[in-house]
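S.K.: All chains, full assembly: derive it from the sequences and hints.
Here is how the chains run, residue by residue.
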Amino acid sequence: MALLEVKDVAFRYDSLDLFYNVNFHINPGEILCLIGPNGCGKTTLLDCLLGTVKPQTGTISLRGKDIKALRPSDIAKHIAYVPQDHEKSFPYSVLDIVLMGRAPYTGMFSSPSLEDRHIAEAALDLLGLKKLKERPYTLLSGGEGQLVMLARALAQKTPIIVMDEPTAHLDFKHELLIMETIVQLVRETGLAIIMATHFPNHAFYFENNHITTSVALMNQKTLTAVGSPTEILSVENIKSVYNINAKIISCATGENDLKQIIPINTLV
Amino acid sequence: MKRKIINVALIICPLSIVFLSLFIGRYPISMVSIISMLWSKLTYTPNNLPELYQTVVWEIRMPRAILGALVGGVLAMSGAAFQGLFRNPLVSSGILGVSSGAGFGAALAILLFNTQATIYLFAFGFALLAVLISYLIGKVYNTAPTIMLVLGGTIVSSAFAALISFIKYVADPADKLPAIVFWLMGSLASASLQELWIAGMPMLIGMVGIWALRWRINVLSMGDREARSLGINTTLNKGLIVIFATLATAGAVAVSGTIGWVGLIIPHIGRMIVGNDNKLLIPASFSLGASFLILIDLTGRMLTGSEIPLSILTALIGAPFFVYLLKITKGKGW
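Chains as they are written, first to last, in numbering that gives the first Met the number 0: chain F, 0 to 267; chain Z, 0 to 333.
Calculated from the structure, these hints are not laboratory results. All of these numbers come straight from a predicted model, not from anything done at the bench. You can take every hint at face value.
Mimicking SDA-like on lysine to any residue, the simulated pairs with C-alpha atoms at most 25 Å apart in a straight line are:
(1) Z:Lys1 with F:Ser92
(2) Z:Lys326 with F:Arg134
(3) F:Lys129 with F:Ser92
(4) F:Lys6 with F:Gly57
(5) F:Lys87 with Z:Leu239
(6) Z:Lys138 with F:Asp13
(7) F:Lys87 with Z:Pro88
(8) F:Lys132 with F:Glu114
(9) F:Lys132 with Z:Ile272
(10) F:Lys132 with Z:Ile5
(11) F:Lys156 with F:Asp84
(12) F:Lys76 with Z:Thr234
(13) Z:Lys3 with F:Glu120
(14) Z:Lys326 with Z:Leu315
(15) Z:Lys1 with F:Arg134
M.R.: Below, the structure is given as structure tokens:
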């Protein structure tokens with residue numbers, strides 16, 4: 000039984016199909032990269048997984064249980080979420096933010112316990128953010144802010160983390176830092192990660208690091224291909240999805256063969 | 000350690016101001032008599048002070064101080080809750096139209112019946128009605144997202160403000176108009192033990208509700224998507240907070256008239272002292288709001304021959320004080 004299984008899922012806005020026939024599954028220790036052009040419905044598909052919107056047809060099941068039958072707090076004990084753009088409201092301390100990851104375990108009329116606080120601190124520690132814990136999170140840089148969101152997801156203690164373009168707006172180094180952190184977490188804790196991204200090279204990065212990675216290519220209202228990065232991210236597929244010429248190169252750095260995809264030019 | 004001192008201070012502050020207010024008032028009673036009265040209350044021994052003294056202290060000064068504490072406290076607390084819920088620091092307890100609804104109800108009751116009981120009932124009823132209409136307007140956009148709710152509140156507030164103007168326009172300028180204007184500026188002058196019991200109920204219920212849900216406000220202030228992904232039933236939780244804050248605010252304005260400023264600024268003063276975590280901010284707002292309003296009320300009673308309406312003083316004293324606080328804390332935690 001897969002950790003998460005998506006079967007024949009379709010979503011409509013006012014009888015207009017956004018996507019249909021979506022099928023994939025993921026197991027512990029795996030990464031799934033959801034790749035597709037702007038506006039193809041990646042974020043809505045992630046919302047379906049999180050249970051924040053409901054697909055009209057199909058089933059999404061967590062360890063065999065349909066999420067329709069689960070309460071929001073039960074889903075949140077299985078799937079955590081790292082947003083693309085977190086809109087900051089009040090200058091909460093970093094620790095306050097991470098503590099919110101304990102919400103699914105906290106009763107409606109209560110507050111996080113001392114144990115929750117320890118869990119939140121451990122999550123910060125794991126990502127090397129301990130010294131930031133009293134800092135107002137509104138003062139953090141983009142990269143630090145994204146790591147705090149990841150810490151909040153870790154404090155949620157879920158087997159799956161869903162990420163929506165977690166490296167958007169980050170500089171070169173912080174993008175790599177987030178990628179390295181993801182690889183380390185998946186390798187050491189057996190997390191499963193579902194990640195929407197605009198960069199096919201992210202999928203190659205995980206594959207290059209020997210993580211079981213699959214790519215789900217979203218185009219023309221459905222998943223046109225699901226499989227390993229090498230298999231799916233071919234020059235032909237990139238051409239049909241993005242209408243661009245690309246080239247796949249591979250260079251040896253000693254230990255691994257590093258695969259990368261390079262865009263060449265757009266096609267008319 | 001520092002946090003502990005602040006917590007203790009926040010508990011002691013309103014209590015000691017209520018205590019202090021027993022000693023202050025227009026009717027001259029010596030400090031010694033008041034202390035001996037307190038002593039006889041505590042020890043259940045009779046004293047030989049005039050009956051009038053007892054009435055002034057226990058049936059006028061004390062209810063008024065406690066009512067002031069409750070009103071100030073719940074206004075600040077609801078303001079803090081709404082600011083978190085609507086993710087907007089410029090929102091106040093009146094955002095969904097409670098105050099203008101209550102104002103219209105009171106004005107209508109003064110125009111038609113002019114009895115204390117009807118004023119209270121109408122103000123409370125129309126306050127609830129105003130929020131209900133705001134909510135229904137927000138609901139037009141199927142799932143009642145926050146921005147629509149605020150828009151609904153703005154629409155309802157201005158509609159009721161127009162209705163208030165209309166009533167003022169038709170009211171008898173000799174006696175009814177001044178009564179309406181005075182009510183709209185806020186006062187605790189009508190405070191009595193009986194009033195405290197009636198108005199205290201909705202305020203207490205609202206207060207306990209917000210207090211119980213205060214940590215949830217943190218999570219809700221992350222926005223709907225994130226709050227839901229954190230396992231929170233946002234519709235239910237937001238609905239409950241709106242209901243509790245509305246009950247509390249409606250109870251407060253119905254008995255005290257519209258009091259501006261407290262529900263907007265006190266939460267920010269709270270943020271400067273305890274930070275943004277609503278777990279601490281909600282009780283701190285209550286404590287500060289309570290202390291602030293009793294002090295304002297004492298000032299209003301003692302400053303001139305006749306009582307100065309609360310709204311005038313909350314703004315006149317509150318505004319410079321807030322600027323001063325901004326200056327010393329350099330806006331930290333805001």
